[in-house]
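Q: Letter by letter, the chains look like this.
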Amino acid sequence: DVKVTQSSRYLVKRTGEKVFLECVQDMDHENMFWYRQDPGLGLRLIYFSYDVKMKEKGDIPEGYSVSREKKERFSLILESASTNQTSMYLCASSPKNPGQGTYNEQFFGPGTRLTVL
Amino acid sequence: GEDVEQSLFLSVREGDSSVINCTYTDSSSTYLYWYKQEPGAGLQLLTYIFSNMDMKQDQRLTVLLNKKDKHLSLRIADTQTGDSAIYFCAESSYSSASKIIFGSGTRLSIRP
Numbered sequence: 630d631v632k633v634t635q636s637s638r639y640l641v642k643r644t645g646e647k648v649f650l651e652c653v654q655d656m657d658h659e660n661m662f663w664y665r666q667d668p669g670l671g672l673r674l675i676y677f678s679y680d681v682k683m684k685e686k687g688d689i690p691e692g693y694s695v696s697r698e699k700k701e702r703f704s705l706i707l708e709s710a711s712t713n714q715t716s717m718y719l720c721a722s723s724p725k726n727p728g729q730g731t732y733n734e735q736f737f738g739p740g741t742r743l744t745v746l
Numbered sequence: 005g006e007d008v009e010q011s012l013f014l015s016v017r018e019g020d021s022s023v024i025n026c027t028y029t030d031s032s033s034t035y036l037y038w039y040k041q042e043p044g045a046g047l048q049l050l051t052y053i054f055s056n057m058d059m060k061q062d063q064r065l066t067v068l069l070n071k072k073d074k075h076l077s078l079r080i081a082d083t084q085t086g087d088s089a090i091y092f093c094a095e096s097s098y099s100s101a102s103k104i105i106f107g108s109g110t111r112l113s114i115r116p
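Chains A and B, in that order, give the protein sequences.
If you're matching positions, the first sequence starts at 630 in the working numbering and goes up one per residue.
If you're matching positions, the second sequence starts at 5 in the working numbering and goes up one per residue.
Bound conformation, chain B alone:
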């Protein structure tokens, strides 16, 4: 079945850029998402990209999609302490647009 994989932890220095990577297996993925989960809260959609795009930028966030390699990344520029959270990569496909497959989540910690 479909699978989404990402590393579990990332630590960056405040002010540096954070890059969180993700790979997925479903070649029919139509949308790929990044969700953010802050401590004690549910997930919230951070950004998404359509599968026919290779880049999307939204303020400090840049999403890169390499469809050939099924690789998605999220870059956070000028990382702040408020960016500390778990970031989930996710995908949905035409065949089941209402269902979203989530990765294991990457815990981003910021050091001073």
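Bound conformation, chain A alone:
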């Protein structure tokens, strides 16, 4: 059974702290993604990675960075947490771009609900 796991379900941090969110997939997928989910705004892409040590900015990268040292692990880093980063964070993975004419399913982890006080 395919699986994406995230290190914590719930996390409470203080303003200014450095926060690490970890995501691991066991499907040997090339692509990994970090989204944040906020009510009424849906899923917004923060960063994604197509390969080890490769990263690309998504739609809302400000205040975040990522690390992909191993194929199965993709970390999201909040360098200095702020209250407006309180949100649900979802990690996803998908196989390498299958090419034209093929759909590409993303597999999601259960999410980490982060509260920044």
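No wet-lab data here; the hints were simulated from the structure.
Incorrect hints may appear among the rest.
[To be verified] Below 25 Å or equal to it, Euclidean Cα-Cα: the simulated BS3-like pairs (lysine-lysine) are:
1) Lys684(A) - Lys725(A)
2) Lys699(A) - Lys103(B)
3) Lys103(B) - Lys684(A)
4) Lys682(A) - Lys103(B)
5) Lys632(A) - Lys74(B)
6) Lys72(B) - Lys725(A)
We have chain A already, so just place chain B on it with the hints.
A: Structure of chain B alone, referenced to chain A:
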């Protein structure tokens, strides 16, 4: 840029049909998806449709695509309490097949 829009809430009576609507802007969309998010869980792919199709049926689910109007709908027949969830419409295109653009999600609630 690309945009996917859907209403935020829908309430239906148990046993009735639910219809969730979505509009998108990217005319180069190749696949359109419906993802389901149950309480406390991540998203899971429910169904998808290729852009050259106008209908797809899978048991209680019917997906209708009007490519001219860029309108997608998901019909759930005989809605059950287990169908309570947030449903996300999404699309991907040839230019960026690995990236998926998600809508805001529609929260479906079932009343007895």
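Q: Run every hint past the structure and note whether it holds.
A: Right, here's what the structure says about each hint:
About 14 Å separates the Cα atoms of Lys684(A) and Lys725(A), which keeps this hinted pair within 25 Å; it holds. The suggested pairing of Lys699(A) with Lys103(B) holds, with an alpha-carbon distance near 21 Å, which does not exceed 25 Å. Restraint check for Lys103(B) and Lys684(A): the C-alpha separation of about 13 Å stays at or below 25 Å, so the hint holds. Among the hinted pairs, Lys682(A) with Lys103(B) is consistent with the structure: their alpha-carbon atoms are about 18 Å apart, no more than 25 Å.
For the given pair, Lys632(A) sits about 33 Å from Lys74(B) by alpha-carbon distance, which is inconsistent with the 25 Å threshold. Our distance criterion of 25 Å between C-alpha atoms is broken by Lys72(B) and Lys725(A), whose separation comes to about 30 Å.
The structure fails to meet hints 5, 6 from the earlier list, while all remaining hints are met.
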